[in-house]
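Chemist: Residues 65 to 238 (our numbering) are what the sequence shown spells out, left to right.
It cannot be assumed that every hint is accurate.
What the hints assert, rightly or not - DSBU-like cross-link-like pairs, simulated, lysine-lysine; straight-line CA separation at most 30 Å:
#: 1; residue 1: 73; residue 2: 201
#: 2; residue 1: 201; residue 2: 106
#: 3; residue 1: 112; residue 2: 102
The hints are simulated quantities; they were obtained by calculation from the structure and are not laboratory data.
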Amino acid sequence: MVSLLLIGKKLPVDVKGMISSILQVVIAPIAAGLLLNKLFPKLSNAIKPFLPVLSVLDTACCVGALLALNINWIMSPFGATILLLVTMFHLSAFLSGYFLTGSVFRNAPDSKSLKRNVYFKFTGMQSSLLALALATKFFQDLLVGIPPAISMVVMSLMGFTLIMIWSNNKEEII
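Generate the whole structure from the sequences, applying the supplied hints.
Modeler: Structure, rendered in C-alpha cells:
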C-alpha cells in the first residue's frame with residue numbers, strides 16, 4: 065500500500081514469508097537466549113563476553129558483503145542520495161526521540177538517563193539489519209538492500225559518536 069501511494073505501483077510482497085522470517089530472525093534467537101539463560105546458566109555466562117564481538121563481526125559481514133557487491137552504485141549519485149536520506153532519517157529520529165521523551169518524562173527522577181535510553185534504543189537505532197535480511201530475501205534486486213546497509217553504517221557511527229560524547233561528560237554517564 066505504501067509503495068502504491070509513494071511510487072504509484074503496487075509491489076508484490078510475500079507477507080506470510082516475511083512474518084515467518086521475522087519470527088526466525090527476531091523471536092527464535094530471543095527465545096533461545098532465554099532458554100539458554102534459564103536451563104544452562106553456566107554456559108550462558110561463559111559465552112556472554114564473546115557475544116558483542118560476535119554480533120559486530122556478524123553485522124559487519126552482512127553489511128560489508130552487500131556494500132562490496134554494490135560499490136559502483138554506492139559511489140554514484142544514487143548512493144550519495146541514499147546516504148543523505150538515511151542520515152536525515154536517523155538524525156531526526158535521534159533528536160525527536162530525545163526531545164519528545166524529555167517532554168513526556170520531564171519530572172521523572174532520572175529524566176536525562178531515561179531520555180538517552182529511549183531515544184538511543186528505540187528511535188535512533190532502528191533494526192536496519194532486519195530490513196537488510198528481509199530486503200535481500202524477498203526482493204530480487206540487490207539494490208533494495210543498499211538503504212538498510214547504509215543505514216547500519218550511519219546509525220553505528222552516530223551511536224559511537226554519542227557514546228564518545230557521553231563518556232567525556234563523566235557526571236552525565238548513564
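Chemist: Now look at each hint and say whether the structure bears it out.
Modeler: Hints, verified against the model:
1. 73 - 201: Answer holds: residue 73 to residue 201 is near 20 Å, not above 30 Å.
2. 201 - 106: Status violated; Cα separation ~36 Å.
3. 112 - 102: Holds: residue 112 and residue 102 sit about 14 Å apart, inside 30 Å.
In the structure shown, a violation is registered for the earlier hint numbered 2 alone.
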